[in-house]
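Student: Given next are the chains, with one letter for each unit.
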Amino acid sequence: MEDPKLDLLQGTLDVMVLQTLAALGPLHGYGIARRIEQVSGDQILLNQGTIYAALIRLQNKRWISAQWGVSENNRRAKYYAITARGRKQLAADLAYWQRLADVMARVLALGAAGEQA
Amino acid sequence: MSSGPMELLRRFGSLFRGRKLDRDLDSELANHIDLAAADYRKQGMTGEEARRMALLKLGGIEQSKEIQRDARGLPAFEAVLQDARYAIRTLRRDAGFALFVTLIIGLGIGACATVFSVVNSLLVRPLPFRDPSRLVWIANGTDATADMSARTFQVIPMLALRDRNSSFTDIAGYFAFYGIGDVAFADMNKPERLTGVGVSEKFFSVLGVSPHTGRLFTAEECQRYGSVVLLADAFWERRFARDPHIVGSTMRLGGKPITVVGVLPASFDFGSVFAPGTRVDLFFPFPLTQDTDRWGNTLAVVGRLKPGAQLTTAQAEADILGKQITAENPRRNSIQPSLSYLSEHVSGQIRPALLILAGAVLVVMLIVCANVSNLMLARTAARQKEMAIRAALGAGRGRLARQLFTESLLLTGCGALFGVALAYGATFGIAHLTAFDLPLLNEVRMDGRALGFVALIAVITGILLSLAPALHISLPHLSTSLGRSGAGGSREHAWLRGGLVMAEIAFACVLLVGAGLLVRSFVNVLDTRLGFRPQNAATIRIDPNSSYETEARKIAYLNDALNRARSIAGVRGAGVTDALPLGRNRNWGAAAKGVDYQPNNYPSAFVRIVSDGYFGAMGIPITRGRDFDERDDAQSRQVIVINESMAHAFWPGENPLGKIILGDCAKEREVVGIVADVRHLALEKDAGNEMYVPMRQCTDRPSWDLVVRADLPLPTLASAVDYALRPIAPDLPKGGMRPLTQLVDRAVSPRRFIVSLLSGFAAFALILASLGIYGLISYSVNSSASEIGVRMALGASAFEVQRRIVARTLTLAAAGMLAGVVISWIAGRSVGSLLYGVAAADPATFVAAALVLLGVSALASYLPARRASRIDPMICLRAE
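Protein sequence lines, in the order shown, are assigned to chains L and X. Using the numbering used here, the letters of the first sequence correspond one by one to residues 1 to 117. Using the numbering used here, the letters of the second sequence correspond one by one to residues 1 to 880.
If you're looking for bench data, these hints aren't it; they were derived computationally from the structure. Please read all numbers here as calculations on a predicted model, not as lab measurements. Just to be clear, a hint being listed does not mean it is correct.
Simulated pairs of lysine-lysine, DSS-like, Cα-Cα distance not exceeding 30 Å [unchecked claim]: (1) Lys593/X - Lys667/X; (2) Lys42/X - Lys57/X; (3) Lys61/L - Lys65/X; (4) Lys61/L - Lys20/X; (5) Lys61/L - Lys57/X; (6) Lys256/X - Lys190/X; (7) Lys306/X - Lys202/X; (8) Lys323/X - Lys306/X; (9) Lys323/X - Lys202/X.
Derived, one-sided and incomplete: chain L residues facing chain X with beta-carbon distance under 7 Å [claimed, not checked]: (10) Gly29; (11) Tyr30; (12) Asn47; (13) Gly49; (14) Tyr52; (15) Ala53; (16) Ile56; (17) Arg57; (18) Asn60; (19) Asn73; (20) Ala77; (21) Thr83.
No residue lacks a Cβ here, since even glycine has one placed at the ideal position from N, Cα and C.
Start from the sequences, fold in the hints, and give me the full structure.
Tutor: As structure tokens, this is what we get:
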């Protein structure tokens, strides 16, 4: 049986979107959603509709910008790109997540060590 | 995540770009589905399957839009706007309902705001003086019901109190026995009688009143009488159009030229504070001298406490000083200062009445809430389906409750606007009432505090009103109601609605009983044996002008005036008095000759100085002896007429005629007549001792009121009297004739004020309660139409159907009434002080209120019951 999918932690989606845009350049909403799903190995439960809320949120913070373009199916689509402010924010977020992951790893390792002793 | 000001600004901005943002998102989402579907097709799904999968992954188009909308704007604010828009739309669809509810709430809030304004100005708002919390009313003695002569001070003891106390920065007073219209203003164009009050030095400075123009009296001016005058603002405006040059000029007052030294500010209204219902035009200095000391108790006294001084310590000190001063002045009247804050003195008498009004208006508002709640509930029941649809479209329970709250807030808001308009009108009307002797009434107006109060009430009502319907939205409920077709109401609705109607009936019962008790008291007051007949009689001031200097000339004028009045066709009697009933308040010492009285037990009596024919003109029955006649003059034997109470008090069981009374104006007077008791202080107060002295035997007459009894309409009589008297009294005021009934009207005006307001509230409550019953029964008839149809198909007669419905209503009404009677019984005690001749638990009133309620309930339920009995069973059953 397949493992149940991971729920997204509060605030993680915004970082994922930023990171995706930073790594892959301008993308439309569906592209971002697909890329995140692929990268996660389809392990996270992504309600794709929430991407659009994240996009408008990031736009309002001026961390990303949007521009109309034409998508691969030849339709008008909105392409999002990370801004300079967005990159700065991403760097800060990366550092934060790194620290958090380290701390989590150590705390969780504590339990494992205890069991061995 | 922090949201900076920039982001807030953008979010706010998106409120106004909602439509464009929505369109953009629409095309983005459509494209998203397209792209996703294309991907799924590549994985081998059919077109339909791929699309479905794409939608599933997205999580629904509408839901995505909703999430995005929340993220981009200010969701709370937007929701409020949306709710408001939606509420307006639904209410517009239901305009009748909205209008009706707005109207009811408006009336309720209007009533609340009006009563609040009255209470606010009469009880809460500080008196219009400087630092009014330190002003103290100093009365003589502790018996609040005693007449004014017993509650005022003699000059020398008052001065002693002023000089020796250490609690007050100063003490001042005014001459309490000024008469309305005692001052003749001889103006070329329009002679008029004015009311002037003599005030002691520092009276205005104690109150903290500074003149608007000119100056106050100097210490030197306060040493003697009648050379200077201060004008009241209203009088200055009325007669001199606020001409500032009036200061320094002279007016002919009482036949003497008197200099105007200043004008008092508009904020100072002597009448509204010290003499409700009286218009005071002028202020004169009242000298505090040995001379005025001889007049006996004359001064009404106010003091200003020193900063930090307590009323209780001031009272303790005044007690000691009072005893000392009384002991030092054995030949003067005793003093026993009794202190109370001026604000309490002013509002004290009306306080219970106002608190009752406030309670009543609160009850009215509760009935309004119950009624509107009921309507809202009925509406919610009809809207179950709409709510279910909205819930299915993603509206949470909180959101639906918020929607209901917005709607009721919108309704109460509209109601509040209407109510505020009503209250502005009502307070304006009340402030301009002149026929009511209530203190500070002209100060009543809507102010910021009242508006704040209205806003508060509107919000509270809004919450209360949405409470019952909101409790009713339970989501599982809703899915079942989606399946149902009709406007099905649930059972728990029924008890809630029944309970609300019961509460309405109970509250209406309380108001009806309260109003009933007060109306009965009012009727009792009007029914009291006044001792005179006010009907078909009128009165006018005819004081002789300054050209009549000697006593002989004045008496000649009086005889002339009486003869002229009596010769008018239709006039049945005319007489002159110096004190009409229900106006003046003064007592003179009077004793039976040959009786030794204790110093503090010397009897007194209310005195009137009257002409012959006065008793006939007033309709006061002479029970024994004779009326005065023209021969009772200065040269003849001194005589007196007394009332029955006095005769009984002085000579119980004896014939009083021929006995001697020792009193003022003459050493000894022989009793020549006994007349009925006349209620002279208030309709509710017994007459006590009264005595009448013939005008020709006493020169101490402050005023001359002519009383004429005639079978003529007032305007005819007025012009006939004017025509007859003008030749000898050229400065007779025009339009000065007033019916005697007006005296009674004025005396009962505070009672009438309360009674009419409370009756209005009760009537409103009754109407609301009957509407509530009608609504409830109509609703239940409609929703149980099929049951009724079955019953009728099975042979129930129309009458039986009606009887069942009416009987059910009456059970409800009876339960409500029972609660109402119990509450009234308990609350009745608080009305006690306002009742007259009726007990708080008056069975007749309770029964009458119950009967009225039963009748109204029966009627309100009969109309829908009749409709029910006309249900055609066939149609009804087919509709199932």
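Student: Now look at each hint and say whether the structure bears it out.
Tutor: Going down the list of hints, with the structure as the test:
| no. | hint | result |
| --- | --- | --- |
| 1 | Lys593/X - Lys667/X | 10 Å, holds |
| 2 | Lys42/X - Lys57/X | 16 Å, holds |
| 3 | Lys61/L - Lys65/X | 19 Å, holds |
| 4 | Lys61/L - Lys20/X | 19 Å, holds |
| 5 | Lys61/L - Lys57/X | 27 Å, holds |
| 6 | Lys256/X - Lys190/X | 17 Å, holds |
| 7 | Lys306/X - Lys202/X | 15 Å, holds |
| 8 | Lys323/X - Lys306/X | 22 Å, holds |
| 9 | Lys323/X - Lys202/X | 25 Å, holds |
| 10 | Gly29 | 6 Å, holds |
| 11 | Tyr30 | 4 Å, holds |
| 12 | Asn47 | 4 Å, holds |
| 13 | Gly49 | 3 Å, holds |
| 14 | Tyr52 | 5 Å, holds |
| 15 | Ala53 | 4 Å, holds |
| 16 | Ile56 | 4 Å, holds |
| 17 | Arg57 | 5 Å, holds |
| 18 | Asn60 | 4 Å, holds |
| 19 | Asn73 | 6 Å, holds |
| 20 | Ala77 | 5 Å, holds |
| 21 | Thr83 | 13 Å, violated |
In this structure, only the earlier hint numbered 21 is contradicted, and the remaining ones agree with it.
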